[in-house]
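Chains as they are written, first to last, in the working numbering: chain V, 1 to 281; chain H, 282 to 514.
In case anyone wonders, no lab produced these hints; they're calculated from the structure. Be aware that one or more of the hints could be misleading.
Unchecked claim - One side of the interface only, derived from the structure: several residues of chain H facing chain V at Cβ under 10 angstroms:
1) Leu397
2) Cys400
3) Glu409
4) Thr421
5) Ala438
6) Arg440
7) Cys502
Using N, Cα and C, we set each Cβ at its ideal position, and we do this for glycine too.
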Amino acid sequence: MTIVVDTVSYAYTDRHRVATPVLRDLSLNIAEGVCLGILGPEGSGKSTLLQLLDALLRPDRGRVLVDGVDLQAEPGRIREFRRRVGMAFQFPEQQFLCGTVGEELTYTADRFDVRDRLDPARALERFGLEYAAVSARSPLLLSLGEARRVALATLLVHRPSVYLLDEPTSGLDGPGTECVIKAVRFLQNEGRTVVIASHDVDVLAETATRMAVLAEGRIVHEGDVRSVLGNATLLGNYGFAVPEAVQLLRTRVDPGDNPLPVRIEEIREYLTCRSGARGGG
Amino acid sequence: MIELKGIRVRYPEADNDALAGVSLMFPAGSRTAIMGPNGSGKTTLVSVMASLLTPVQGSVAVTGRVGIVLQNPFLQITSLTVEREMAFGLQNLGVPTGELHRRVDTALEDSGLARLRNCSPSRLSGGEMQRLALAAVLITDPDVLILDEATSLLSPASRRHLLDRVAAEQAQRNLTVVLVTQFPAEAEWCSALIVLKGGMVARHAVPSEVFSDAGEVAALCLPVPPRLLLEAS
Numbered sequence: 001m002t003i004v005v006d007t008v009s010y011a012y013t014d015r016h017r018v019a020t021p022v023l024r025d026l027s028l029n030i031a032e033g034v035c036l037g038i039l040g041p042e043g044s045g046k047s048t049l050l051q052l053l054d055a056l057l058r059p060d061r062g063r064v065l066v067d068g069v070d071l072q073a074e075p076g077r078i079r080e081f082r083r084r085v086g087m088a089f090q091f092p093e094q095q096f097l098c099g100t101v102g103e104e105l106t107y108t109a110d111r112f113d114v115r116d117r118l119d120p121a122r123a124l125e126r127f128g129l130e131y132a133a134v135s136a137r138s139p140l141l142l143s144l145g146e147a148r149r150v151a152l153a154t155l156l157v158h159r160p161s162v163y164l165l166d167e168p169t170s171g172l173d174g175p176g177t178e179c180v181i182k183a184v185r186f187l188q189n190e191g192r193t194v195v196i197a198s199h200d201v202d203v204l205a206e207t208a209t210r211m212a213v214l215a216e217g218r219i220v221h222e223g224d225v226r227s228v229l230g231n232a233t234l235l236g237n238y239g240f241a242v243p244e245a246v247q248l249l250r251t252r253v254d255p256g257d258n259p260l261p262v263r264i265e266e267i268r269e270y271l272t273c274r275s276g277a278r279g280g281g
Numbered sequence: 282m283i284e285l286k287g288i289r290v291r292y293p294e295a296d297n298d299a300l301a302g303v304s305l306m307f308p309a310g311s312r313t314a315i316m317g318p319n320g321s322g323k324t325t326l327v328s329v330m331a332s333l334l335t336p337v338q339g340s341v342a343v344t345g346r347v348g349i350v351l352q353n354p355f356l357q358i359t360s361l362t363v364e365r366e367m368a369f370g371l372q373n374l375g376v377p378t379g380e381l382h383r384r385v386d387t388a389l390e391d392s393g394l395a396r397l398r399n400c401s402p403s404r405l406s407g408g409e410m411q412r413l414a415l416a417a418v419l420i421t422d423p424d425v426l427i428l429d430e431a432t433s434l435l436s437p438a439s440r441r442h443l444l445d446r447v448a449a450e451q452a453q454r455n456l457t458v459v460l461v462t463q464f465p466a467e468a469e470w471c472s473a474l475i476v477l478k479g480g481m482v483a484r485h486a487v488p489s490e491v492f493s494d495a496g497e498v499a500a501l502c503l504p505v506p507p508r509l510l511l512e513a514s
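If we strip away everything but chain V, and leave its shape as in the complex, we get (with noise of 0.2 angstroms):
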């Protein structure tokens, strides 16, 4: 599946019908099976644009086309769109509809009768839950950690071609941004289409193959994971740092022109060769 989004603007108007524009000409190719990861400060636009992927806001100007196709002209078509594009949003308790966890887990599974679903007692499990203590409890009860890891679960339970992650590590323990790290893999793995808004440059460098860096309601710059998350000087413009693992390599190795690795794992394997290198010459 892939997505374009067409020099899309939107803004959202008050009740006194002022506007505040948050998208201006925004102009984005997101490829099948790519994990793109959007980076910007707040008030951007990343959620507003991930709301956009969603169809869940429509454009004022510009269009999305997903495979080819424009909601906004083929209405008819977005049963089809919601059963292939999930969602989980910033703040989890927005998205649940059910009264219990196990209601929550298959209602939209249910409601598209999907067949190749995950169990949810597998899929909670892949985010460190377990099926029994949570399954009779009300979603909004939940502290806010394991409503996100809810919300998460519901996504592999239901199995679209394209998952829309908003802040998905946000206030998350570290076995549970390990968890959300391991299904983004596990989703690539599978060929899925998955994309990311974060603040945090640690999870973008372990989860995301493209990046694009969002401001003032543009992409202002876009490339691969190595060379956006290792470009100090861009991630500075606008608030981040590399990853902190970027910055003790570069501590260590003068890269030259070439980018860096990001992630730990490679990272490592990046250090060993090098002393190995040295071993052996």
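Given chain V, work out where chain H should sit, using these hints.
For chain H alone, kept in the frame of chain V given last:
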């Protein structure tokens, strides 16, 4: 200052205590981080400290006024515009109109929300909403400031800005700061770290002591800083 003695909390229909006999002391002017796995009782603990929740057992002694910034800013923002939200606390404290306007203007500038002053808070982004919730509490000059993962949706630059502001307040007066966080760097900004696990205090230490040992950090279910992950190589 806040002193907790033998605090026990159990939610209706829960099988276990959310807090199982917690005793802690937060001296005036101190800066304490609270960490722990999801569901370990962090939010319950600070809710008891802010008198939002009554424990089934134990006592809470508070000196001064407590301001709390909740994990979810939606739950505490009540006004129709950003400016009115900023003024809400001062109005309740009976601050005279002239002074109120001056302080609101300054707070809007300091928090970078001046251009959004007439916006409905519901139109703000998650991060902007967190900035508003925090600024609207800080403006009332509380004696104890509790931040419950109040920076979780902020960019690193905004997080630093916010901590700098809190540090500046602390330098001026005897402000007690309690910070619930998942960020090791924010914990290291504090002088004490309390780690909760299963409703109990699992560790009470100087933050740098905990964050120098990858094994202990992982055992406490805290995020392991990348520098510790790389040290092995």
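Status of each hint after checking the structure:
| no. | hint | result |
| --- | --- | --- |
| 1 | Leu397 | holds, 8 angstroms |
| 2 | Cys400 | holds, 6 angstroms |
| 3 | Glu409 | holds, 5 angstroms |
| 4 | Thr421 | violated, 23 angstroms |
| 5 | Ala438 | holds, 3 angstroms |
| 6 | Arg440 | holds, 9 angstroms |
| 7 | Cys502 | holds, 5 angstroms |
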